[in-house]
Amino acid sequence: MKQAEHEIMSNVERLFADKKIDLFIGYEKGTLPLRTSPCFIDDRNTVRRLVWNSCCSNNLAVYLPRLMLHRKGKNSKRIGILCKGCDSRSVVELIKEKQVDRDCLYIIGISCSGIIDSSKILSELDGEGILSYDETSDSIVVELAEGERSFPKHEYLYESCCNCAYATPTVYDILIRTVQFAPKVAGPDPNITAFAHKTREERWRIFEEETSKCIRCYACRNACPNCYCKECFAEQTKPRWIGVTNDRSDLLFYHTMRIFHQAGRCVDCGACVRACPMNINLRLFTRVLVDEVKERFGYEPGVSIKEPPPLATFSLNDKQEFMTEPD
Amino acid sequence: MNNPYIPASVKIDDIIIENEAGDIRTFRLTFAYKKDERKFSFLPGQFAELSVLGAGECPIGIASSPTEKGYLLFTVKRAGVVTTQLHRAERGEIIGLRGPLGNTYPLQKMEGHNILIVGGGFAFTTLRAVIKYILEENNRKRFDDLTIIYGARTPGELIYKNELWEWEKRRDMTTYITVDRGDKDWKRREGFVPSVLKEVAPRSNETIALVCGPPIMIKFTLPVLDELGFIPESIFLSLEMRMKCGIGKCGRCNIGHKYVCKDGPVFSFRELQELPNEY
Amino acid sequence: MKESPNKTSNFEPKILAFLCNWCSYAGADLAGVSRFQYPPTVRVIRVPCSGRVNPVYIIKALQNGFDGVLVSGCHPGDCHYISGNFFARRKFALLKKFLEYVGVEPERIQFSWVSAAEGVRFAKIIEKVTDDIRKCGPLTYFKKSNNSIEKVI
Amino acid sequence: MSNKGKKVAVLNRQDLTAFFTSLSKRFRIFGPSRIHRVDSLVEIASADAINFNYRNMKMSPKAFFFPQTQTLFSFDNESKDVNTSEPCQDRQRILFGLRPCDAQSIWLLDKVFVENTPSDPYYMKLRTSTRIVSLACTHPSPTCFCTSVNCGPDSEIGADVIFYELNGCYLIKTLTPEGEDVVAVANDIVKPPTEKELSEKEDIMRKAREKMKRVFDLECAQKTLDNFDAPRWARLYQKCLGCGVCTYLCPTCHCFDITDEVVQPRGRRVRTWDSCMYQLFTLHASGHNPRPTQKERMRQRIMHKFSYARKYYGHAFCVGCGRCITYCPVNVDIRQFMKKFMEEK
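Chains as they are written, first to last, in this note's numbering: chain G, 35 to 361; chain P, 109 to 387; chain R, 17 to 169; chain H, 200 to 544.
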């Protein structure tokens with residue numbers, strides 16, 4: 035991991051030196067244990083702040099649409115961005131949806147071996163103060179007041195990383211290969227299939243119970259790179275689609291529609307699940323659309339820039355088994 | 109314990125369409141219950157929250173002066189959800205009114221001084237209130253001469269037209285009415301309010317200036333007032349911010365540590381210079 | 017979610033139908049003109065094309081008291097705007113799968129193709145949709161109630 | 200913390216259940232309990248439902264007085280007649296186990312909703328029917344910084360009664376008249392404190408305070424804070440996503456929105472939480488927005504808590520609970536901001 039960090043720093047330093055980029059978005063050390071934080075580097079001598087480890091969880095592509103808006107017209111150089119596999123797929127989606135143009139970006143891709151869910155480790159330590167943490171190739175070593183504890187990485191990954199099929203970025207200008215430790219083979223997620231086999235009433239009860247925890251803080255929407263609308267349907271007043279209260283039915287409406295707006299676009303990076311302060315298991319509901327789009331249209335978002343998004347195109351012989359026919 | 113969020117019900121007595129485009133209307137409201145009317149004592153410069161049940165509330169300056177007994181005037185431009193509903197209301201309907209809110213123009217400070225009133229567009233509502241208050245017979249002698257400079261984009265956009273022509277004829281005040289672009293039968297002055305102000309150049313000593321208008325007009329009027337020798341303490345601005353509660357609690361209308369709904373909407377330019385310019 | 021077992025036949029479901037102006041609306045018109053009988057449970061909204069129906073409208077309908085929604089458009093290939101119903105077909109495929117997955121009865125949201133000449137087909141589809149939704153019973157778990165209890169604790 | 204004048208008593212740990220059963224006759228008791236690994240303040244029936252080893256609740260207690268959704272009044276949408284009958288509040292409530300920082304945050308909210316005239320009747324109704332029993336902190340979590348914002352693990356501001364957890368017993372200090380009739384219920388099972396217990400409490404508290412070294416000094420950060428156009432504002436906001444997590448979880452954030460909601464035939468005017476970090480918070484109907492980008496909004500949040508509130512209410516509106524640090528999706532850390540303001544001259 036340290037070697038990858040140096041590679042990133044030297045690349046970014048060279049890019050600044052050659053005046054190719056005037057801003058680089060990467061990760062810096064977080065102020066909380068097992069957390070990193072996005073950072074915006076705009077000159078050479080602060081490149082030292084950049085880090086790379088298994089806690090670089092945020093999807094940095096979320097900043098690109100607003101930066102593009104901000105830079106329109108000004109002849110600024112390119113934006114550098116560090117992309118893991120899922121982040122690069124988000125960048126591809128943003129390029130496809132004309133929010134970001136490819137030649138305004140300088141993408142440093144980094145193959146990723148899965149990101150650690152710090153809340154899983156912290157809840158096991160039950161609030162114990164972590165003095166410092168270090169990382170070996172396959173486990174996280176945490177130093178506590180009374181000694182050390184090590185946590186094997188593959189047991190504490192985010193669900194999205196557990197069956198990630200794109201550990202290597204799909205678009206990049208430079209690729210940094212870290213020591214590759216392949217996560218489990220990408221297959222259907224066990225607790226998603228378990229949910230799908232429950233009875234209809236049971237599934238609805240879980241959906242209603244999960245969404246009723248929502249406090250309408252919109253962290254899931256603002257953390258998602260695909261959610262860049264200037265005015266979200268949830269906040270429109272002319273017409274007002276949904277109420278502003280945390281009324282049970284408004285929460286169902288909001289989550290149903292926000293998730294459905296990701297149909298055929300969601301790259302399953304897990305940013306919404308990480309951002310939610312109320313631990314709503316959003317992935318339980320977003321994942322079904324990812325699988326359905328793959329199975330029905332054979333399309334995976336964020337893979338190739340040229341392939342049109344599924345809902346922006348059609349084929350004459352799309353399956354229509356769901357249509358109602360009079361008996 | 110009285111509840112500051114419950115609106116008093118008022119009846120719409122009359123609706124006057126003020127401009128040609130028809131998106132500015134003046135509502136003449138009378139209180140449905142006498143006890144609300146007694147409680148509603150206000151001075152020029154204050155505003156109130158007009159409330160349409162089912163749509164919401166919007167803060168509108170009180171355009172009538174306390175000297176006009178028995179009714180209240182509110183001039184509303186159709187812009188958002190509530191104002192659109194208001195513009196759909198007909199005569200005789202009951203709507204809600206919460207107030208009076210905010211502070212007033214500095215009437216004590218203005219006594220014994222000349223008054224310069226600079227207004228623009230449809231933000232002439234509270235200025236009309238203070239003009240009517242000054243022109244009241246027993247109030248008029250408390251103030252020296254009164255100069256009004258009021259302008260709008262086109263002749264059709266001028267509001268309170270009949271009162272404007274009346275004020276022009278009066279001798280105890282001087283009124284300059286201008287438009288940015290006149291049409292063929294516009295005989296009066298043409299030009300932006302700040303340039304007319306520079307041309308008219310009223311004396312600045314012993315004079316209090318009240319300014320209210322769109323941000324662009326204020327931006328160009330203040331330097332002209334400065335050239336004419338007006339000190340920041342004697343320039344007063346009535347500001348407009350997004351508001352919801354109107355009683356300094358919902359945290360939305362602050363400029364620095366002051367709440368425009370409670371410590372304003374009228375601020376002296378001196379106060380505004382101390383506050384961060386985020387309005 | 018208390019599933020009210022109101023399966024008795026006297027429950028009259030309220031169904032919203034988005035009918036595409038060029039085919040389904042004309043088909044419904046034909047059904048009416050030729051006096052084909054079908055249950056009066058459907059309120060119709062005419063839309064220029066089935067592709068114009070935004071899923072927000074469908075969820076809004078379920079929230080405001082409808083028991084089911086039908087969207088009907090031209091047969092693939094007949095669309096006045098050439099590809100409106102093709103895009104719609106993909107969108108509805110995903111919407112139906114998603115709502116079914118989270119626990120809404122699949123019969124509550126139905127999509128169909130009805131051409132301008134198929135008055136009989138339109139009447140039969142309305143009958144089928146009404147029976148399906150009558151079996152599901154009134155939609156209570158999505159409806160917005162106006163005495164929503166506040167979490168004042 | 201001076202002990203003179205304030206009634207101090209000691210309650211053995213085993214008598215806690217008896218204390219609760221007699222309390223629950225007169226009060227509805229809300230206490231900390233862990234549900235799906237989340238500590239929250241919920242209504243509890245008996246003492247053993249309380250789980251005592253919690254750092255702090257995830258949600259701040261403001262929801263008990265200023266709920267996320269509150270009906271101001273309801274009306275019939277056809278006849279437009281208004282019904283302002285508020286829901287009746289039955290038995291008095293006790294919030295047991297509030298941390299001192301949360302108790303102080305309620306004291307700050309009182310400044311906004313009660314002391315700032317006209318006072319808010321909805322808040323008053325919930326506030327006057329509730330008593331706060333706080334539990335002093337013995338081992339603060341890494342994100343706590345209450346000692347830097349003149350609050351502390353044993354701060355008594357805002358609480359009616361404060362419990363100090365010693366080994367084997369609790370030292371109870373009554374702080375307000377309302378607190379007296381909470382402790383009066385346990386008069387027969389409490390005993391006066393011995394010298395040993397008092398000194399034990401002092402050094403437990405000293406140890407807790409030392410665990411949290413002061414991160415920044417509010418006074419000297421204040422001076423550089425007011426430099427409104429300082430270049431650092433342009434760097435601090437960049438990673439903020441503009442979501443509402445920090446403001447909705449913050450115990451002292453009190454901004455709200457008032458909207459009308461109609462479900463035919465009835466309608467209601469409802470007050471809901473709002474956040475200065477949202478884009479539409481200050482958007483005028485004309486399209487003008489005094490705070491157009493996230494830079495102004497982040498600046499507003501920091502300035503309101505540490506500068507404007509001090510000028511308007513005389514006290515910084517931050518109690519150092521650390522929720523905005525723990526739950527921010529991009530790890531924006533308010534302590535880091537304040538340290539930067541301190542270092543800058």
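Treat the hints as calculated values from the structure; they're not laboratory data. We treat Cβ as the ideally placed atom computed from N, Cα and C, and that holds for glycine. Each hint should be verified, as a subset may be incorrect.
What the hints assert, rightly or not - The calculated label-pair distances, taken between Cβ atoms and stated as ranges, are:
hint	chain 1	residue 1	chain 2	residue 2	range
1	P	Q216	H	S485	27 to 37 Å
2	H	T316	G	D77	48 to 58 Å
3	G	E131	H	V313	44 to 54 Å
4	G	E243	H	T220	27 to 37 Å
5	G	D361	H	T492	37 to 47 Å
6	G	N315	H	A244	57 to 67 Å
7	H	N282	P	K292	51 to 61 Å
8	R	G81	G	K353	54 to 64 Å
9	G	D160	H	D280	35 to 45 Å
10	G	R83	P	E341	24 to 34 Å
11	P	D144	R	D147	51 to 61 Å
Cross-check of the supplied hints:
no. : hint                        : in the structure
1   : P/Q216 - H/S485: 27 to 37 Å : holds, 33 Å
2   : H/T316 - G/D77: 48 to 58 Å  : holds, 51 Å
3   : G/E131 - H/V313: 44 to 54 Å : holds, 50 Å
4   : G/E243 - H/T220: 27 to 37 Å : holds, 32 Å
5   : G/D361 - H/T492: 37 to 47 Å : violated, 58 Å
6   : G/N315 - H/A244: 57 to 67 Å : violated, 29 Å
7   : H/N282 - P/K292: 51 to 61 Å : holds, 56 Å
8   : R/G81 - G/K353: 54 to 64 Å  : violated, 32 Å
9   : G/D160 - H/D280: 35 to 45 Å : violated, 55 Å
10  : G/R83 - P/E341: 24 to 34 Å  : violated, 48 Å
11  : P/D144 - R/D147: 51 to 61 Å : holds, 57 Å
The earlier numbered hints that this structure contradicts are 5, 6, 8, 9 and 10.
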